[in-house]
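Enquirer: These protein sequence lines are chains U and V, in that order.
Under the working numbering, the final residue of the first sequence carries the number 116; numbering is consecutive throughout.
Under the working numbering, the final residue of the second sequence carries the number 113; numbering is consecutive throughout.
Keep in mind the hints are simulated off the structure, nothing from the lab.
Source: prediction; values computed, not measured.
Just so you know, even glycine gets a beta-carbon here, dropped at the ideal spot from N, CA and C.
Per label pair, the in silico range of CB-to-CB distance:
{"#": "1", "chain 1": "V", "residue 1": "S9", "chain 2": "U", "residue 2": "Q72", "range": "33 to 43 angstroms"}
{"#": "2", "chain 1": "U", "residue 1": "T20", "chain 2": "V", "residue 2": "E64", "range": "35 to 45 angstroms"}
{"#": "3", "chain 1": "U", "residue 1": "N73", "chain 2": "V", "residue 2": "Q45", "range": "17 to 27 angstroms"}
{"#": "4", "chain 1": "V", "residue 1": "S80", "chain 2": "U", "residue 2": "G63", "range": "43 to 53 angstroms"}
{"#": "5", "chain 1": "V", "residue 1": "E64", "chain 2": "U", "residue 2": "K14", "range": "41 to 51 angstroms"}
{"#": "6", "chain 1": "V", "residue 1": "E16", "chain 2": "U", "residue 2": "T15", "range": "46 to 56 angstroms"}
{"#": "7", "chain 1": "U", "residue 1": "M41", "chain 2": "V", "residue 2": "S26", "range": "15 to 25 angstroms"}
{"#": "8", "chain 1": "U", "residue 1": "K71", "chain 2": "V", "residue 2": "Q45", "range": "16 to 26 angstroms"}
{"#": "9", "chain 1": "U", "residue 1": "D62", "chain 2": "V", "residue 2": "S54", "range": "33 to 43 angstroms"}
{"#": "10", "chain 1": "U", "residue 1": "L69", "chain 2": "V", "residue 2": "E16", "range": "50 to 60 angstroms"}
{"#": "11", "chain 1": "U", "residue 1": "Q72", "chain 2": "V", "residue 2": "Q71", "range": "35 to 45 angstroms"}
{"#": "12", "chain 1": "V", "residue 1": "V29", "chain 2": "U", "residue 2": "Q72", "range": "28 to 38 angstroms"}
{"#": "13", "chain 1": "U", "residue 1": "R112", "chain 2": "V", "residue 2": "Q45", "range": "14 to 24 angstroms"}
Here are the computed lysine-lysine pairs in the DSS-like style, where the Cα-Cα straight-line distance is at most 30 angstroms:
{"#": "14", "chain 1": "U", "residue 1": "K9", "chain 2": "V", "residue 2": "K49"}
{"#": "15", "chain 1": "U", "residue 1": "K71", "chain 2": "V", "residue 2": "K49"}
{"#": "16", "chain 1": "U", "residue 1": "K57", "chain 2": "V", "residue 2": "K49"}
{"#": "17", "chain 1": "U", "residue 1": "K57", "chain 2": "V", "residue 2": "K100"}
{"#": "18", "chain 1": "V", "residue 1": "K100", "chain 2": "U", "residue 2": "K71"}
{"#": "19", "chain 1": "U", "residue 1": "K57", "chain 2": "V", "residue 2": "K108"}
{"#": "20", "chain 1": "U", "residue 1": "K57", "chain 2": "U", "residue 2": "K9"}
{"#": "21", "chain 1": "V", "residue 1": "K69", "chain 2": "V", "residue 2": "K58"}
{"#": "22", "chain 1": "V", "residue 1": "K108", "chain 2": "U", "residue 2": "K9"}
{"#": "23", "chain 1": "U", "residue 1": "K9", "chain 2": "U", "residue 2": "K70"}
{"#": "24", "chain 1": "V", "residue 1": "K58", "chain 2": "V", "residue 2": "K100"}
{"#": "25", "chain 1": "U", "residue 1": "K57", "chain 2": "U", "residue 2": "K14"}
{"#": "26", "chain 1": "U", "residue 1": "K70", "chain 2": "V", "residue 2": "K100"}
{"#": "27", "chain 1": "V", "residue 1": "K69", "chain 2": "V", "residue 2": "K108"}
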Amino acid sequence: NAGVTQTPKFRVLKTGQSMTLLCAQDMNHEYMYWYRQDPGMGLRLIHYSVGEGTTAKGEVPDGYNVSRLKKQNFLLGLESAAPSQTSVYFCASSYPIAGGPTGELFFGEGSRLTVL
Amino acid sequence: AQSVTQLDSQVPVFEEAPVELRCNYSSSVSVYLFWYVQYPNQGLQLLLKYLSGSTLVKGINGFEAEFNKSQTSFPLRKPSVHISDTAEYFCAVGPRGYQKVTFGTGTKLQVIP
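Chain U extracted, bound-state conformation (with noise of 0.2 angstroms):
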């Protein structure tokens, strides 16, 4: 079972250019969600989803896209990169109990991106 799985694990960018993570989770969650992790800040929550076909945005959402076009799969997507989103990114799913979620969330490794 391999849980919640990140591609790629590491990039580095060139400021303007764009690229895509590729989350993917074997569990049948229902919800899926996108963090950032900085030095000193947590993790800040950038987008998330609660079924194939729609996404929120959460915290930190600007310069970021994302989509959710089949259940297991969630696209987190820079269209023009910037210096400041050099981050670790980790995305996340969890399934509901008693019709909401249970906030118990399971994570992938990390992506690691580097914008110069």
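Position chain V against the provided structure of chain U, taking the given hints into account.
Expert: Frame of chain U, contents of chain V only:
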């Protein structure tokens, strides 16, 4: 909206000594509470969670936490730490019925031999 405060960014402690990591939260609705652990160069994994019921929650690796609603706190404790407990610990809050989970800024636990 909810928020989480972890006042200690780093906590050094000697091996076999007890430790408590502080966590305070604010929310306008009832919440679920969590502690996650992150080892170097890894993702986060769940240590323990409070959903309902007993306010004393036991997790993996001998950790426990106690939900205190009046003080809006959820401190993490371990009676005797081991070198392998060296990691960063994150407190998180998820409002009941909502999809978003908010994390604190983390506390790095350094266990000294």
